[in-house]
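Input sequences plus hints: build the corresponding full structure.
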Amino acid sequence: MSLAAFVLRRLLWAIPVLLLVMLLTFALMRGAGGTPFEPPEGVPGLPAPLQRELTDFYNLDEPWFVEFATYVKNVATLDFGPSLVNRYRSVDDAVEEGFPVTVELILLAALWAVPVGLVLGLFAAVRRGGVLDHLATSAASVLLVVPVFFVTYVLSRYLVYEWDVFPLGWDTWTSKVLPVFALGLAPAGYVARLTRAAAVETLQSDYIRTAWAKGLRRRRVIGLHVLRNSAVPLLSATPPMLALLVTGALFVETAFGVPGVSNEFLNAARAKDYPMILGLTVALTVLVLAVNLVADVLMAILDPRLLEEKA
Amino acid sequence: MSGARRTTAAFLRNRTGLLGAAILLGIVAFCVLVPLISPYDANTADFTAVRETPSGDHWLGTDQYGRDILTRLAAGGRTTLLIAGAALCVILVLGVGYGATSGILGGRVDAAMMRLLDGLLAIPRLPVSIVILVFVGLQAQNIQTVVLALAIVNWMITARLVRGEVVLRKRQEYVRAAQALGAGRAAIARRHIVPNALGIVVVAIFLELPAVILGEAFLAVLGLGPEAPTATWGNIALEGITFGRLWLVFLPSLAIGVLAVAASLFADGLGDSLDPRRWPGRNPRRFPGRRARAPEPKPS
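Just so you know, the sequences run in chain order G and U.
Here the first sequence stands for residues 1 to 311, where the numbers follow the numbering used here.
Here the second sequence stands for residues 1001 to 1300, where the numbers follow the numbering used here.
Since the hints were made in silico from the structure, they are not lab data.
This structure is a prediction, so every number in the text was calculated from the model and none was measured.
No residue lacks a Cβ here, since even glycine has one placed at the ideal position from N, Cα and C.
Fair warning: there could be bad hints in the mix.
Now the in silico label distances, taken between C-beta atoms and shown as ranges [unchecked claim]:
| hint | chain 1 | residue 1 | chain 2 | residue 2 | range |
| --- | --- | --- | --- | --- | --- |
| 1 | U | 1015 | G | 298 | 52 to 62 Å |
| 2 | G | 213 | U | 1015 | 32 to 42 Å |
| 3 | U | 1012 | G | 11 | 49 to 59 Å |
So this is what it looks like as structure tokens:
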């Protein structure tokens, strides 16, 4: 199978998954009962004409499958519709404003976490069984299990609120330092543990022994042979790694006042703003599926045997 | 079942696995026993002793309502472990059901089910469990809704492990022999595959445990946990964040971290012990872990 066919097939498989996530979210909202227009306590309800307009837009008075089909059609044309709670804001606004920020945050965090994790893991693998290996491996495990809310609490309370070292928000690069740092910690630990496992395996293989025997420099053996052959198992761990980042972003954005989608999502969840929640969930799922697709393609390029196996 | 006995024997020689088991037992004992022994109640406020630092009376101090933190931490551990245990039971049913069905049926069904599983593994877990909680737990947030929300997003790894084990078992000679003797699919599944796949199920459960415990804490910190005054590790951390007490955030985080490390040590140790190549009395040269190490490079 060619690479193009592989990509196409993967793309086609993403569609039922996306529909499933939408259907699940949708079913939960329908199953919750009531109408979307019962305001939560302390919030004034929407005026009647606006309610009519929203009912028309979402086909709320039709049977559930018509409503769902309407929604899928809207999403397919990238029209997520208006919010049910805030009449001056559409879901598209939230996605357009929040998504680039969240994506930037996640990318920057991965940008420092992956290299640091790689170096830490390789370092531990080369010194396998030694004191330094135990130190590096323990450090990686600690990074992985410290709950992200503990890190964000400590960093935001002391460095932002009490000592005033870094500002809140996302406007200047100084304000980006702490969120990016906090978000990358757990992924760095995760990458380090994976790299160590993959590199230990690779280091024992015959071609590495041959490479040493040929008298190749250490930098060339580790950098070229070990790293490249450990790349596939590492890339295959993209989904859990991305999950760490997306989960962490929820806490990091709240703690440091980053205007990404997570705050929007949490507020929408509290206010039961159905279209907003649905839209943001769909957008997040698209992001995750897209990143995983890229990882799959990279893996197939590095190891063409996967084209046959994983198709 | 001599396989189980040999697995146990191999596990008893696995030091890190034993350490994990001991820590897990210690945590469970702490959570069960402390509220029984403690002179304090986990939820009774005492406004004469608010925000105390650790002392002889209150070993870990008191919180903003004067409740003993040690007792609350243990009681919270009980609730958290209860939630985790219940969620793991649901995960077990979903994961084993899905994985075993896929593996036993095989062929195109298996391929389709596994591809669907790939997709499900890719969904953003915490957001989806928040969505579930918000809509299922509309009236009251209680333990059941949290259990449900955690189980629905966390059963996929178990399903994949079980399916892999089933496929592996299906290829083995004793299953082939049973097929040749005319045993039906159901009989083979019941007599040969399920008992042999049990070990991997236990491993899977302990691999999922950290994710479930962390998931509970995450949901609680976002304000979606069981309602106050119920103590869970996540709720205690949330109170620490709300009332600005590092100590209250640190203790449950520490408990969660230690539990996560212990669970993965235990799972790794048990997984190794299930490997027949590591059973005592086998040729040690066949141990994969004892292969000749790559020669250490000379410092240049």
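Evaluation of the provided hints:
no. : hint                       : verdict
1   : U:1015 - G:298: 52 to 62 Å : violated (38 Å)
2   : G:213 - U:1015: 32 to 42 Å : holds (34 Å)
3   : U:1012 - G:11: 49 to 59 Å  : holds (50 Å)
Hint compliance for this structure: hint 1 is the single one not met.
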